[in-house]
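Colleague: Start from the sequences, fold in the hints, and give me the full structure.
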Amino acid sequence: MRAKISVERIVHEYFNPSTWQRVRALDGLSLDVPDGEFVCLVGPSGCGKSTLLYLIAGLTRPTGGRILVDGREVVRPGRDRGMVFQEFAILPWRTVEGNIGHGLEIAQIPRHTKAGTVRRYVALMGLSGFEHKYPHELSGGMRQRVAVARTLAADPEVVLMDEPFASLDAQTRNVMQEELVRIAQHERKTIVFVTHSVDEAIILGDRVVVLTHRPGRVKASMPIEIPRERRRWDVLGAEERFVRYRQDILRMIREEFDAQERGAEAVQA
Amino acid sequence: MSDSGRAGLRRAPPDPARALPRRRAAAGAAAAAGQVLAPFVLFTAVWALVVGVTRWPEDVLPSPFAVARAFGDVFAKGMLTVYAGETIRRIVLAAVTGVTIGIAAGFVMGLNDWIAALLNPPLRFFQSLSGIAWLPLFLIWFGFSDKTIVVAVWYTLVFPVAFNTMLGVRTVPRLYRYAVLTLGGTWRQIVFQVLLPGAIPYIVGGVRLGIAYGWRALIAAEIVVGSGGLGYLIFKAETFHLTARIIAGMTAIGVLWYLTDYFLLRPLEEATIERWGLVYR
Numbered sequence: 148m149r150a151k152i153s154v155e156r157i158v159h160e161y162f163n164p165s166t167w168q169r170v171r172a173l174d175g176l177s178l179d180v181p182d183g184e185f186v187c188l189v190g191p192s193g194c195g196k197s198t199l200l201y202l203i204a205g206l207t208r209p210t211g212g213r214i215l216v217d218g219r220e221v222v223r224p225g226r227d228r229g230m231v232f233q234e235f236a237i238l239p240w241r242t243v244e245g246n247i248g249h250g251l252e253i254a255q256i257p258r259h260t261k262a263g264t265v266r267r268y269v270a271l272m273g274l275s276g277f278e279h280k281y282p283h284e285l286s287g288g289m290r291q292r293v294a295v296a297r298t299l300a301a302d303p304e305v306v307l308m309d310e311p312f313a314s315l316d317a318q319t320r321n322v323m324q325e326e327l328v329r330i331a332q333h334e335r336k337t338i339v340f341v342t343h344s345v346d347e348a349i350i351l352g353d354r355v356v357v358l359t360h361r362p363g364r365v366k367a368s369m370p371i372e373i374p375r376e377r378r379r380w381d382v383l384g385a386e387e388r389f390v391r392y393r394q395d396i397l398r399m400i401r402e403e404f405d406a407q408e409r410g411a412e413a414v415q416a
Numbered sequence: 516m517s518d519s520g521r522a523g524l525r526r527a528p529p530d531p532a533r534a535l536p537r538r539r540a541a542a543g544a545a546a547a548a549g550q551v552l553a554p555f556v557l558f559t560a561v562w563a564l565v566v567g568v569t570r571w572p573e574d575v576l577p578s579p580f581a582v583a584r585a586f587g588d589v590f591a592k593g594m595l596t597v598y599a600g601e602t603i604r605r606i607v608l609a610a611v612t613g614v615t616i617g618i619a620a621g622f623v624m625g626l627n628d629w630i631a632a633l634l635n636p637p638l639r640f641f642q643s644l645s646g647i648a649w650l651p652l653f654l655i656w657f658g659f660s661d662k663t664i665v666v667a668v669w670y671t672l673v674f675p676v677a678f679n680t681m682l683g684v685r686t687v688p689r690l691y692r693y694a695v696l697t698l699g700g701t702w703r704q705i706v707f708q709v710l711l712p713g714a715i716p717y718i719v720g721g722v723r724l725g726i727a728y729g730w731r732a733l734i735a736a737e738i739v740v741g742s743g744g745l746g747y748l749i750f751k752a753e754t755f756h757l758t759a760r761i762i763a764g765m766t767a768i769g770v771l772w773y774l775t776d777y778f779l780l781r782p783l784e785e786a787t788i789e790r791w792g793l794v795y796r
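Chains as they are written, first to last, in this note's numbering: chain A, 148 to 416; chain B, 516 to 796.
Bear in mind the hints are in silico, worked out from the structure with no lab data behind them.
Here are some, though not all, of the chain B residues that point toward chain A, as calculated from beta-carbon distances under 7 Å: (1) Leu690; (2) Tyr693; (3) Ala694; (4) Leu696; (5) Thr697; (6) Leu698; (7) Gly699; (8) Gly700; (9) Pro712.
Far from chain B by the CB rule (all over 10 Å, computed), these chain A residues: (10) Ala313; (11) Asp353; (12) Glu412.
In this text the structure is predicted, and so the values were computed from the model without any measurement.
All residues carry an ideal CB built from backbone N, CA and C; glycine is no exception.
Modeller: Below you can see the structure in the form of C-alpha cells.
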C-alpha cells in the first residue's frame, strides 16, 4: 500500500541572520505515514519537528529531498493538508463562527451545509454560547479549541498539529485529546502530531517517532500497542506497557539531548 | 449569548457604563460636551477681556462679539454655505481618491520588499517638502483651478496613508497568513481576508492623519488659487480689512475639522480597533 505521506530524504537548511551561519535543521530525514495513521513526533527541543510540519504543509520549501502526499509532490500549501499551529493563529476580526467556518467559506461550501458543520464543531469543542464572540473575548484554551475546530471543519485528509494543546490546562487538554482520537478514528484522518510531552504522544499515537537532535533524522519508530480503550488518563498509569514505552522514549530523548550537549561542548573547546 | 455584541461598537472591555439607565448616559454626554467646550469658553472670555482692556481698533483685534456678528453676517448672506460647500466638496473628492491611492501604494510596498526599498528613500525625501512648497509648480502645471487644489491635498494626504498602510500590512502576524493558506486560501483571499483587515487599525490611523494634513493643505491651496472655498473667504476678507470676518472664517475651518474628526474619523478608528480588540500598537 502506498503511503499517504512520504517524506523522502529531506534536507532543510536555513540562514540564521544573527549568527551569520547556515543552520541544517533536517539531515536526510525519511518517514512514511500510511493513510489513517495517527503519528506523534517527539524529540529534543530544536530538533526540527516543527520544521518538518511546515515542510509537509508546503509553507516552507526543503533544501533537498521531496515530500509526496498521495503520490504528488508538495510544492505549495493546500486544503488537503490542514494545520493547527502552536500559537494562536485564529483571526481576531472574525467571530468564533466566522473562524471555524473560514475553511468552508474558502471551499465555497453552500451556506446551510457550512452552518451545520460549524454548529457541530461548536458543540463538539464546548464553545456553545460563544459563537458570536471575538477571539479577544475568549480564554487561551477556548481560542486554541477554535483553531482546532477551524482546521477539522475544513475536512482536510491530512491534519498537521504543532503542539496544539501545550497552552491548555490539564483538564481541557485531556478532553481535547480524547475528542481528537475519536474524530481521527471516526473520519479516518491521517494525523502528524508534534508534542514535547511523551505521555501525550503515547496516549494519542498509533506510532511514536523519535527524532535525533539537530540536524534531525529519525532515531526510532515505535508502534504503540496499547488498545485505544485502555488509553485513558485514569487507567493508563496502571498499564505496564505504558510505563515501558515511556521509559524507552524518555531514554532515547535523553541520549539525544546528551549528544547535543557534548556536541556543543566540542564546538566550544 | 448576549445580543449587545453585534450592534455595539465599543464592546472590547466590559463597560459598566452601558448598564446605566439612559438618563445618566445623557448626563454623561452633556458632561463630555462641557469638557470639550469649557477651554474654548475660557479662551473666549480672556480674549474679550484683552479687547476690553486694550481697546485695540476692531480691524486689528475684534472682540468675540464682533466676530459672532461677522459670522451671522456671512451666514445670512449665504456666503458661508457656498464657500464651506466648496471646501467640503474638494476635501471629499481629494480624500476619497487620495486615500484609495495611498492604500494601494502602501499595500504594494507592504507586500514587496523590493519595491518598498526602491520607493522608501524618495518618498521620505518628498514627504519633507510640504505640499505648499509645490504650489508654484502645480500652478504652472494645472493652472488656477480645482486640479491644483486637489493635487496639493493629495500630495500631503497620500504619504501618511501609504506609510501607515505599509506598516500595517507588515505588522499582520505571519501565522495568520499561514493559517489561511493551509485552509486552501488563495493570494487574493490572503490580501482581502487577512492583510487588509489586519492592517485596518494602521490604515485608519493613517487616514485620520492624512486627512488632517490634507485639510490644512486645502485651505492654503485655496488661498493661493483663489477660486472659492473657506481659504479664499478669509484671504479675500483681508483686502477689505474685515478682520472679524477673517476670524469668523478661521473658526468655521476649525469647527468643521473638529466635527469631521469627532463624528467620522474617531468613531471609525474606535470601531475597528476596539471591536476586534486589535491594540497591538
